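Chemist: With chain A held as given, fit chain B onto it using these hints.
Top line first, the protein sequences correspond to chains A and B. Okay, so the first sequence: first residue is 846 according to this note's numbering, each after it adds one. Okay, so the second sequence: first residue is 61 according to this note's numbering, each after it adds one.
Careful: at least some of the hints might be erroneous.
[Stated by the list, open to error] Covered by chain A, per the in silico footprint, the following chain B stretches (three or more residues, Cβ under 8 Å):
hint, segment
1, 93 to 101
2, 128 to 137
3, 162 to 168
4, 260 to 268
[What the hints assert, rightly or not] Below, computed lysine to aspartate or glutamate pairings styled on DMTMM-like, alpha-carbon distance capped at 25 Å:
hint, chain 1, residue 1, chain 2, residue 2
5, A, K1226, B, D125
6, A, K1226, A, D1064
7, A, K1226, A, E1037
8, B, K130, A, D970
9, A, K1226, A, E1047
10, B, K130, A, E1003
11, B, K199, A, D1233
12, B, K199, A, D970
13, B, K199, A, E1155
14, B, K199, A, E1057
15, B, K199, A, E1097
16, B, K199, A, E1047
17, A, K969, A, E1155
Hints listed in this document are in silico derivations from the structure and should not be mistaken for laboratory results. Please read all numbers here as calculations on a predicted model, not as lab measurements. For glycine and all other residues, C-beta sits at the position ideal for the given N, C-alpha and C.
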Amino acid sequence: MYYPVAVGGALTDVIDGLVAEFENEHPDITVNAIYAGNYDDTRVRAMSAIEAGEAPQLSVLFSIDLFDLLEQDAIVAFDEVIESDEEREWLDSFYPGLMENGQIDGQTYGIPFQRSTIVLYWNKDAFEAAGLDPETPPENWEEMAEMAAAVREASGGEQWGVMVPSTGYPYWMFQAFAFQNGHRLMNEEGTEVYFDDPAAIEALEYWVSLAEEHEAMPDGTIEWGTLRQNFLEESTAMMWHSTGNLTAVRNEASFDFGVAMLPMNTQRGSPTGGGNFYLFKDTTEEEQRAAMTFIRWMTDPERAAAWSIETGYMGVSPASYETEALRNYVEEFPPAAVARDQLEHATAELATYQGGRVRRALDNAVQAALTGQMTPEEALKQAQAEADAALRRYARSR
Amino acid sequence: MVIQNADRRMQVYGALLLLPAAVLLGTFAYLPTVATLVNSFFLPGFRGAPPAFVGLENYAMLVEDATFWKVARNNLLYALGTIPTSIALALGMALFVNARLPGRGLVRMAYFTPTILPMIAAANVWMFFYAPQIGLFNKLLGALGLSGVNWLGDPGVALTSVIVMTVWKEAGFFMIFYLAALQSIPPELKEASDLEGTSRWSFFWRVTFPLLMPTTLFVLINALINAVRVVDHLFILTKGGPNNATNLLLYYVYENAFSFFDRTYAATITVVILLVLAVVATLKFTVLDRRTHYQ
Chain A
846 MYYPVAVGGA
856 LTDVIDGLVA
866 EFENEHPDIT
876 VNAIYAGNYD
886 DTRVRAMSAI
896 EAGEAPQLSV
906 LFSIDLFDLL
916 EQDAIVAFDE
926 VIESDEEREW
936 LDSFYPGLME
946 NGQIDGQTYG
956 IPFQRSTIVL
966 YWNKDAFEAA
976 GLDPETPPEN
986 WEEMAEMAAA
996 VREASGGEQW
1006 GVMVPSTGYP
1016 YWMFQAFAFQ
1026 NGHRLMNEEG
1036 TEVYFDDPAA
1046 IEALEYWVSL
1056 AEEHEAMPDG
1066 TIEWGTLRQN
1076 FLEESTAMMW
1086 HSTGNLTAVR
1096 NEASFDFGVA
1106 MLPMNTQRGS
1116 PTGGGNFYLF
1126 KDTTEEEQRA
1136 AMTFIRWMTD
1146 PERAAAWSIE
1156 TGYMGVSPAS
1166 YETEALRNYV
1176 EEFPPAAVAR
1186 DQLEHATAEL
1196 ATYQGGRVRR
1206 ALDNAVQAAL
1216 TGQMTPEEAL
1226 KQAQAEADAA
1236 LRRYARSR
Chain B
61 MVIQNADRRM
71 QVYGALLLLP
81 AAVLLGTFAY
91 LPTVATLVNS
101 FFLPGFRGAP
111 PAFVGLENYA
121 MLVEDATFWK
131 VARNNLLYAL
141 GTIPTSIALA
151 LGMALFVNAR
161 LPGRGLVRMA
171 YFTPTILPMI
181 AAANVWMFFY
191 APQIGLFNKL
201 LGALGLSGVN
211 WLGDPGVALT
221 SVIVMTVWKE
231 AGFFMIFYLA
241 ALQSIPPELK
251 EASDLEGTSR
261 WSFFWRVTFP
271 LLMPTTLFVL
281 INALINAVRV
291 VDHLFILTKG
301 GPNNATNLLL
311 YYVYENAFSF
321 FDRTYAATIT
331 VVILLVLAVV
341 ATLKFTVLDR
351 RTHYQ
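So that you can see chain A by itself, here it is in the shape it has in the complex:
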């Protein structure tokens, strides 16, 4: 089994612990958990293993890899492997919002594991210092820009107001802006994208304006990997980041912080994100059953609760939030429930055929706009053209 870690922190230890526990309980099954880098690296590891004729039985891969994995003919649907009604029930036990990226044509290919939404982390001390109410995070775009500018001004330019990462997964952040502006970037079949829609352009204009107009966010791109450190060292009062960082921020923050849903424009919204379990082809029935046993064990409500507490990733099923452990945790530490509550306003993460190329086109557009190389409109028009070309190439190969 290959798995990724995209948020840093000691998640490998947590996984190793879980695997050891599982093997203790199931002496007849051996799990070889290999940390393989971020989502892209992990996909490469898994795909090269398949190429080499040593397909893993299961892996945690990007939830949006579904189309590509299908295109590569690499995975099997869980529907083909489950046998009993009980297992069918298990398949239906997850949050539907988290299943969106894992299902196609009524078949389930991805089981939610380390799933997230984007949340807003804010530094209450910084808000207080800027004369803002420390308990009130921004509700909408306007407020976020104002509050961020206020922090910037009050700190005499020492502290930034807000940072939204624009490396690593820029398309993901952009998708949040676009969805908050009432716009969905792709169709459900994964064959069309709508990057140059006026609502999308407006969303990117707002993102750019945070730096250009409100001077509340640094120029240029903001690094995904070091952003958490920026927040912890109080060089920014707010950050947008995966909820998967929550526990690490909680453990390391030397100030009072809060977690909120992302601000809205015409509506609330965040794409879901993170990794799913996949079952691979070219494995024996016995291996597939063993893999199922492991996945069911890992996504069991108690385990999902423990995983959520240790990382900040969401409990993947309603049942996990009903466990005593997670109930108590949420009571004592309410930010732990924000990602779940936001799920109500969530949308599927950008996933299409030729996903890598399409996402890359959008990533480039976002970065070109943020670094002032192009206007948001030019950048998104170009991304649309590039994505269309990629999807045409896909249509040809089909």
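Modeler: For chain B alone, coordinates are given in the frame of chain A:
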């Protein structure tokens, strides 16, 4: 008759000696090259279907691919930025630590340390050096009262930042070759030139530098290979961004093959890289080799 037999025996003997190298080269160099060339004429198959032959379509796509041209240009700048600098720096450092100075061993070790660090680890450290608000470089600039630079996030400086890190990483490695070469220069030459009253400057240009030419050539080839080959730090530092400002050829090949699952287009780019390298190699054998003085 007897002579012919011995002759043939020698031929078989020679062929057998060549065999291991030939097998290795064939398996790991020639076969993949041919396979790559063949692949570049196909479109990837869908859901396990066999790839479809499309002739030169991938090459047509490449000609129109603005990203490819940008990446090629980046790579040229990267080569021009890293190769001369790291070679000059390596030579300078080698001359410095070849002289008698206190703590020579320590200085040598310090120069060589970047080389033995894994690229990924080094890049992770440098990512925090470069980080805009919390990074070492901007803290230093801040101490001088200067506002910081977004080293990796500003398309104007991102490629330079990557180049600087590469030079830091490579110069120490090349230094070792220069140091070894310097130590193999017979001391009599220096003694003789001292007797003649040659200045240090002309001794370096007339004697040391020409004697170092084979090393320079070797280092140059290595630096060139590295400029096309080294991509590890891009994974950590920039992922080729912002907006492809730091994307290099091999990283682009990787992206196409593994992020975009487009093996055949990746093969097409690879073929083009191979062609360019073949031209460079020809130049090396015909022009540079003739001008190099071997001992």
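Chemist: Would you mind marking each hint as holding or not holding in the structure?
Modeler: Hints, one by one, checked against the model:
no.: 1; hint: 93 to 101; result: violated (count 0)
no.: 2; hint: 128 to 137; result: violated (count 0)
no.: 3; hint: 162 to 168; result: violated (count 0)
no.: 4; hint: 260 to 268; result: violated (count 0)
no.: 5; hint: A:K1226 - B:D125; result: 16 Å, holds
no.: 6; hint: A:K1226 - A:D1064; result: 22 Å, holds
no.: 7; hint: A:K1226 - A:E1037; result: 14 Å, holds
no.: 8; hint: B:K130 - A:D970; result: 45 Å, violated
no.: 9; hint: A:K1226 - A:E1047; result: 13 Å, holds
no.: 10; hint: B:K130 - A:E1003; result: 36 Å, violated
no.: 11; hint: B:K199 - A:D1233; result: 44 Å, violated
no.: 12; hint: B:K199 - A:D970; result: 23 Å, holds
no.: 13; hint: B:K199 - A:E1155; result: 33 Å, violated
no.: 14; hint: B:K199 - A:E1057; result: 23 Å, holds
no.: 15; hint: B:K199 - A:E1097; result: 22 Å, holds
no.: 16; hint: B:K199 - A:E1047; result: 35 Å, violated
no.: 17; hint: A:K969 - A:E1155; result: 23 Å, holds
When the structure is compared with the earlier hints, violations turn up for hints 1, 2, 3, 4, 8, 10, 11, 13 and 16 and for no others.
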